[in-house]
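*Asks:* Protein sequence lines correspond, in order, to chains A and B. Under numbering that gives the first Met the number 0, the residues of the first sequence are numbered 0 to 380, in order. Under numbering that gives the first Met the number 0, the residues of the second sequence are numbered 0 to 291, in order.
Simulated from the structure, these hints should not be mistaken for laboratory data. It is possible that part of the hints are untrue.
Stated by the list, open to error - Non-contacting residues of chain A with respect to chain B, defined by C-beta distances greater than 12 Å in every case (computed):
| no. | residue |
| --- | --- |
| 1 | V49 |
| 2 | G50 |
| 3 | S93 |
| 4 | D94 |
| 5 | R107 |
| 6 | R137 |
| 7 | M261 |
| 8 | A353 |
| 9 | N355 |
| 10 | I362 |
| 11 | A375 |
What the hints assert, rightly or not - No farther apart than 20 Å at their CA atoms in a straight line, the calculated lysine to aspartate or glutamate pairs in the EDC-like style are these:
| no. | chain 1 | residue 1 | chain 2 | residue 2 |
| --- | --- | --- | --- | --- |
| 12 | B | K244 | A | E130 |
| 13 | A | K110 | B | E97 |
| 14 | B | K169 | A | E368 |
| 15 | A | K273 | A | E233 |
| 16 | B | K257 | A | E231 |
| 17 | B | K257 | A | D131 |
| 18 | B | K244 | A | E231 |
| 19 | B | K257 | A | D1 |
| 20 | A | K239 | B | D191 |
| 21 | B | K257 | A | E233 |
| 22 | B | K244 | A | E368 |
| 23 | B | K112 | B | E86 |
| 24 | A | K110 | B | D191 |
| 25 | B | K244 | A | E125 |
| 26 | B | K261 | A | E125 |
| 27 | A | K110 | B | D114 |
| 28 | B | K203 | B | D283 |
All C-beta atoms in this analysis are idealised placements derived from N, C-alpha and C, irrespective of residue type, glycine included.
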Amino acid sequence: MDLFEYQGKQYFARFGIPVSPGGVADTVEEAVAQAEAVGYPVVVKAQVQVGGRGKAGGIKLADNAAEVRFHAGSILGMNIKGHIVKRLWIERASDIEQEYYASFTLDRTAKLYLGMLSAKGGVDIEQVAAEDPDAIARLHVNPLDGLAEDACRDWVARAKLDPRANEGVVNILMKLYRCFVEGDADLVEINPLILTPDGRVHALDAKVTLDDSAARNHPEWDAFRGLEQLDERESLARSKGLQYVGLDGDVGIIANGAGLAMSTCDTVNQVGGKPANFLDIGGGASADVVTSALEVINTDPNVKVIFINIFGGVTRCDEVARGIIEATRRVQLRSPLIIRLDGTNAREGHAILAENASDRLIIAPTMLEAANRAVAIAAGG
Amino acid sequence: MAIFVNEQTKVVVQGLTGRQGSYYGLRNRAYGTQVVAGTNPQKAGADVEGIPIFASVADAVQATGANASFVIVPAAVAADAILEAAEAGVPFIVCVTEHIPMHTQAAVFNRLKRDFPHTRLLGPNCSGILSPGKCNIGFTPAEVSMPGPVGIVSRSGTLAYQSIFELTQKGIGQSTCVGIGGDPVPGTNFIDCLAAFEADPETKGVIMIGEIGGAEEERAADFIQHEMTKPVVAYIAGVTAPPGKRMGHAGAIISGSKGTAKAKMEALEKAGARVALNPTQLGDLMQEALAG
């Protein structure tokens, strides 16, 4: 789960990482009230989970209530790369002397933690990594050993920051490491981490990705949910426990297994179509789960055809076929189905489907053939 | 020959008394796998359809000579289960459990590496390993397989099954099919499997199935280019995956410019692998590769 900036700052604060005082606002009036509470000048910041907010006009400085009113009014409802701004974070403006970058994540190749620290903050770190890799000081940390303060100090020295910042940065990195590990985050990133003219260091932004697999150990994460930016289809799918990602095409897709679901989207794309979604119903494919999947896809107005791609392994194809037929009786479908079924007991499965075949329930022998037919129907053919 | 397992493999199932554990443990035994023991500290002395239950993996190893473990327990206790097996001297551990937190996975991986360097962990969150006619540990539907010359290594379970099926339909058998799992810190990676297949005289060609996220496929491409003489046919899922969206597997997410399917396919092609554009092509390309 990706946190919004303000949530990330709340999470940082739990671990003692200094952030600017501020508050959230969903309306212009709330924005003014928050600004009055923290004191001017303030920064009005759009809360969206997409980079490039500043360039899009989603971050504005305000010196008084009238300016807060003006900026909050224009930013709320703004569309930033497809994300509609519904919430603002109002915080005390900071004087910035230097902007740094700091993060911890997993290095999947080394299978160690990777800390990155750079004197070139405030910009896209991917760009720094590509153009000036030496500007990033890296530190591998073995999870068994943790981050020792001495190692952290050496690392900070290597980053060649303003020496006045070193102590503050060491202090923040030690806390950021704890936030990463004890906070069960996949990624913690501060960009920019700033040095103020009076020599203080603090986090001006917060990017935190929490590890969904650790959610059971963190009941406090529930407070972060509900504000996630899911579209209606994604919300419905989540409520039904399905692995669904909304895409913008017209071929609805249901498959069992994440790999096969991705592969199904790709195959539709390869033959000239556009997948409407990724949907993994897992290994089972019972009538209940197929019903839920069809209900979700049925709500997508763009979908013109639904491609069900199942590989029957432990769940045999005859069981899957019965499940699909049962599901089609429970859901009034708007679009025709193309079904491809392979694997254990495929012949029995096909026989069951064949009894129910029509121009609304089409059986295709292979994945490629099924994709071709689905794309043809979506195109109106 | 086969890699990591063979007809001598004796399996202890950690979690055999659970619903999932008994279902898959007994399925694996019905296939002919030597499932010799199960563990449950509360049920030592009992049995599951004739398979004896021991209090610990150490007890099971001592009594039965088990040399592989199948870990099928809830995520909260999976790390302890893996380490218990390693401490008992089990050299090969298959963990199918999903939703183990990333930090726990990273700690387990590094603990095994430091303290039990001769223990191989497959998984977590993997589909298991099948050597047709010899041994099946995990979820792989052996019904669609047949013994033969092709090794398969895949992050995704269903795509591994799909590729077994494509090969069998063409009359091409498999030496071993390894599901390495879709999580961020897999105990066994592509290169481990490619190296083992390269060394296995029975394996004549290898199918490698990757997906978006991380850089393991690129590293594997480098290995294929420099270390492998056997033909490799590769497939990468997730060409249409949008950046920043997790596609089911915890590891399958494109962050920044890294981890795209296109970059992986290009790296593999450059390394001399034949790259299939869909799973059906895997069978066709492998047939071509084996023919000459």
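*Asks:* Now, for every hint given, state plainly whether the structure supports it.
*Replies:* Against the structure, the hints come out as follows:
1. V49: 9 Å, violated
2. G50: Contrary to the label, G50(A) does not stay out of reach of chain B, its closest Cβ about 10 Å off (not over 12 Å).
3. S93: 27 Å, holds
4. D94: Holds: least Cβ distance 31 Å, greater than 12 Å.
5. R107: At roughly 4 Å from the nearest Cβ of chain B, R107(A) sits no farther out than 12 Å, so the non-interface label is violated.
6. R137: The assertion about R137(A) holds, with a minimum of 15 Å to chain B.
7. M261: 4 Å, violated
8. A353: The claim holds: A353(A) sits with its nearest Cβ about 20 Å from chain B, beyond 12 Å.
9. N355: 24 Å, holds
10. I362: Nearest chain B Cβ is 17 Å from I362(A), so the label holds.
11. A375: Holds, since 17 Å exceeds 12 Å.
12. K244(B) - E130(A): 26 Å, violated
13. K110(A) - E97(B): 18 Å, holds
14. K169(B) - E368(A): 18 Å, holds
15. K273(A) - E233(A): Measuring from Cα to Cα gives roughly 18 Å; hence the hint holds.
16. K257(B) - E231(A): With Cα atoms ~29 Å apart, K257(B) and E231(A) exceed 20 Å; violated.
17. K257(B) - D131(A): 17 Å, holds
18. K244(B) - E231(A): 16 Å, holds
19. K257(B) - D1(A): 18 Å, holds
20. K239(A) - D191(B): 38 Å, violated
21. K257(B) - E233(A): With a Cα-Cα distance of about 25 Å, the restraint between K257(B) and E233(A) is violated, given a limit of 20 Å.
22. K244(B) - E368(A): 28 Å, violated
23. K112(B) - E86(B): 13 Å, holds
24. K110(A) - D191(B): 15 Å, holds
25. K244(B) - E125(A): 18 Å, holds
26. K261(B) - E125(A): 19 Å, holds
27. K110(A) - D114(B): Distance ~16 Å between K110(A) and D114(B) Cα, so the pair holds.
28. K203(B) - D283(B): Holds, at about 15 Å.
Hints 1, 2, 5, 7, 12, 16, 20, 21, 22 from the earlier list are contradicted by this structure; the remaining hints agree with it.
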